[in-house]
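Chemist: For reference, the chains in residue letters:
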Amino acid sequence: MAKRYDLRVYPGFRAVTFLCLFVLYAPLVVVMVYSFNASPSITNWEGLSLRWYADVFTGPESAKFKAAARNSFVIALVAASVATAIATLSATAILRGGRFRLRLVSFGLISLPLMVPEIVTAVATLIFFNAIGFDRGLLTILLAHIAFCIPFAYLPIAARMQGIEDTYEQAAMDLYATRRQAFVRVLLPLMMPGIVSGFLLAFIVSLDDFIITNFVKGAGVETLPTAIFGSVKQGIRPNIMAISTMLLAVSVVMVTLSWLISRRDTTR
Amino acid sequence: MAGGAASGGGPRADTYAADRTWLLLPAWVTLSILVLAPVAMMLVYSFLTKEFRGGVIWEFSLAAYDQFFFDRGLFGDEPPRIEWTYILIFWRSIWQAGAATLLSLLIGLPTAYYIATRPARQRAVWLFLITIPYWVNLLIRTVSMKFLLRDQGPLNDALLGLGVIDAPLSIVNTNLAVQLGLFYSYLPFMVLPIYAAVERYNFALSEAAADLYATRWVILRRILLPNVRPGIIAGCVLVFVPSLGSFLAPDLLGGARNFMIGSLIEEQFKGNAGNWPFGAAASMILLTLVLILLLAFARAQSRESR
Numbered sequence: 635m636a637k638r639y640d641l642r643v644y645p646g647f648r649a650v651t652f653l654c655l656f657v658l659y660a661p662l663v664v665v666m667v668y669s670f671n672a673s674p675s676i677t678n679w680e681g682l683s684l685r686w687y688a689d690v691f692t693g694p695e696s697a698k699f700k701a702a703a704r705n706s707f708v709i710a711l712v713a714a715s716v717a718t719a720i721a722t723l724s725a726t727a728i729l730r731g732g733r734f735r736l737r738l739v740s741f742g743l744i745s746l747p748l749m750v751p752e753i754v755t756a757v758a759t760l761i762f763f764n765a766i767g768f769d770r771g772l773l774t775i776l777l778a779h780i781a782f783c784i785p786f787a788y789l790p791i792a793a794r795m796q797g798i799e800d801t802y803e804q805a806a807m808d809l810y811a812t813r814r815q816a817f818v819r820v821l822l823p824l825m826m827p828g829i830v831s832g833f834l835l836a837f838i839v840s841l842d843d844f845i846i847t848n849f850v851k852g853a854g855v856e857t858l859p860t861a862i863f864g865s866v867k868q869g870i871r872p873n874i875m876a877i878s879t880m881l882l883a884v885s886v887v888m889v890t891l892s893w894l895i896s897r898r899d900t901t902r
Numbered sequence: 126m127a128g129g130a131a132s133g134g135g136p137r138a139d140t141y142a143a144d145r146t147w148l149l150l151p152a153w154v155t156l157s158i159l160v161l162a163p164v165a166m167m168l169v170y171s172f173l174t175k176e177f178r179g180g181v182i183w184e185f186s187l188a189a190y191d192q193f194f195f196d197r198g199l200f201g202d203e204p205p206r207i208e209w210t211y212i213l214i215f216w217r218s219i220w221q222a223g224a225a226t227l228l229s230l231l232i233g234l235p236t237a238y239y240i241a242t243r244p245a246r247q248r249a250v251w252l253f254l255i256t257i258p259y260w261v262n263l264l265i266r267t268v269s270m271k272f273l274l275r276d277q278g279p280l281n282d283a284l285l286g287l288g289v290i291d292a293p294l295s296i297v298n299t300n301l302a303v304q305l306g307l308f309y310s311y312l313p314f315m316v317l318p319i320y321a322a323v324e325r326y327n328f329a330l331s332e333a334a335a336d337l338y339a340t341r342w343v344i345l346r347r348i349l350l351p352n353v354r355p356g357i358i359a360g361c362v363l364v365f366v367p368s369l370g371s372f373l374a375p376d377l378l379g380g381a382r383n384f385m386i387g388s389l390i391e392e393q394f395k396g397n398a399g400n401w402p403f404g405a406a407a408s409m410i411l412l413t414l415v416l417i418l419l420l421a422f423a424r425a426q427s428r429e430s431r
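In order, the protein sequences belong to chains A and B. End of the first sequence = 902 in the working numbering, gap-free, step of one. End of the second sequence = 431 in the working numbering, gap-free, step of one.
So here's chain A without its partners, still in its complex pose (with noise of 0.2 Å):
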């Protein structure tokens, strides 16, 4: 039958889907173009200029933002490392532990962080914080961190376990192999794209929380989220464009590798 036209094919869905990309992009690329402004008014334009990339690492708030992004790079790699490793071992046990009484609890346990209301964990943790006499600080930020990034590792570490059938490592063991053999030099590679893409997205979402932090740091302590704040409170000027520019591309890259690593490996 000849049809008159293609059933698939709303009109305007195109544009609506352009006009989408145009607005999750728009805000990010116009602060992008700002931040390469000359002139120290955030509304006119004065022409190309690095120098505020160069105030962020020199002028003088410099001392405060580098203190702030060591902090934030310490605590989402150490968070990441750990809730990555918890969450290779809790899917190995829920996905490859056969059937057990606490499979969905636990599963339900790991996703928590995601249905909990982000604003709920922060106060529900400075709480417990202070009921136990912790005093806050680095410490605090990392505790906390490494909680709600366990399920940002899990979830694709649990894909792509998923993907992978257990006959590998039934024929190593039937091959005299050890569980902790099969496990170490059997599944743990194959796993590898997953693991790495859940550590990815699970730096991302550390480097990216501001509400928890707010909570838990203490006084003087700062990511760099609670520092753009703190900034911003007072006005947007152009280094925090510069400084968002920045973090905005490492977010980016990081992105884009884990998307890259999970993907080559499902096309093959």
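Think of the hints as simulated: they come from the structure by calculation, not from any bench. Every residue, glycine too, gets a C-beta built ideally from N, C-alpha and C. All the pointers check out, no bait thrown in.
Derived DSSO-like pairs (lysine-lysine); straight-line CA-CA distance at most 30 Å:
id	chain 1	residue 1	chain 2	residue 2
1	A	Lys851	A	Lys698
2	A	Lys867	A	Lys851
3	B	Lys395	A	Lys851
4	A	Lys698	B	Lys395
5	B	Lys395	A	Lys700
6	A	Lys698	A	Lys867
7	A	Lys700	A	Lys867
8	B	Lys395	A	Lys867
9	A	Lys851	A	Lys700
Just the calculated beta-carbon pair ranges, DEER-fashion:
id	chain 1	residue 1	chain 2	residue 2	range
10	B	Ser186	A	Ile766	17 to 23 Å
11	A	Ser673	B	Pro293	18 to 24 Å
12	A	Ser745	B	Arg347	33 to 39 Å
13	B	Glu176	A	Ala649	55 to 61 Å
14	B	Arg206	A	Leu772	43 to 49 Å
15	A	Leu653	B	Lys395	36 to 42 Å
16	A	Arg897	B	Leu418	30 to 36 Å
17	A	Arg897	B	Ser186	54 to 60 Å
The hints should help you fit chain B onto chain A, whose structure is shown.
Modeler: Same frame as chain A, now just chain B:
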């Protein structure tokens, strides 16, 4: 392909069945100490007496919940009347989150549909383009939105330059700005589940309807939308829930008149006006609302799949 094994791994793989206790132990310990225990402690704190300048006195009290729901006059000796201040803040949050969800649906549904009907090879790239901004720091995205929308900002410059408007639009510090900010924060959560549902949709149904002389808009309304409904509901929940308790968009884009739950809670733990038990109580009420919503959602989904 998409069949059945939604909750499960391979075909009943049990290679590490003997190890599962210690494999799960780190997750259980970490999350019990860092999520479950804190929420329990928050519940306890909401029933304690406030200490001025933050913190609590370990004495049982219903004052926090009483303050939330009842107004007993300046000296606390009048007969209780309903206190509307906080209920209105919750109501405004629900309204704002709802408006943001609707906005996300209006943009997200056609987008998800369009992507799902692309050739298979292009879809991953489209989805990637939609999700990238989500991974950019939420604070930076919200600040960017503010920069774009402000009175002397690029949006107003562009509209003035094109002659669309005569005077700059004041968008920042309005409800609309908060809704746009929330929409911008969580849009991918709307697109992804709808995309997944449309991808599974069997277009033979559309063809059958068309053979029976249904127009394409009738097909959309009567056949396609009912079929992808679980995806739409999931998307709405995933946008609504984080919007409800969000802090950055209302704080940076809304200004003082557009106070939402997140700011109300935050205020209790910062500075000298703080009231920890009250903040804990407000958090508990928010958490309860969200859990009721998620439970209703889970029940609807399981009925849907039966």
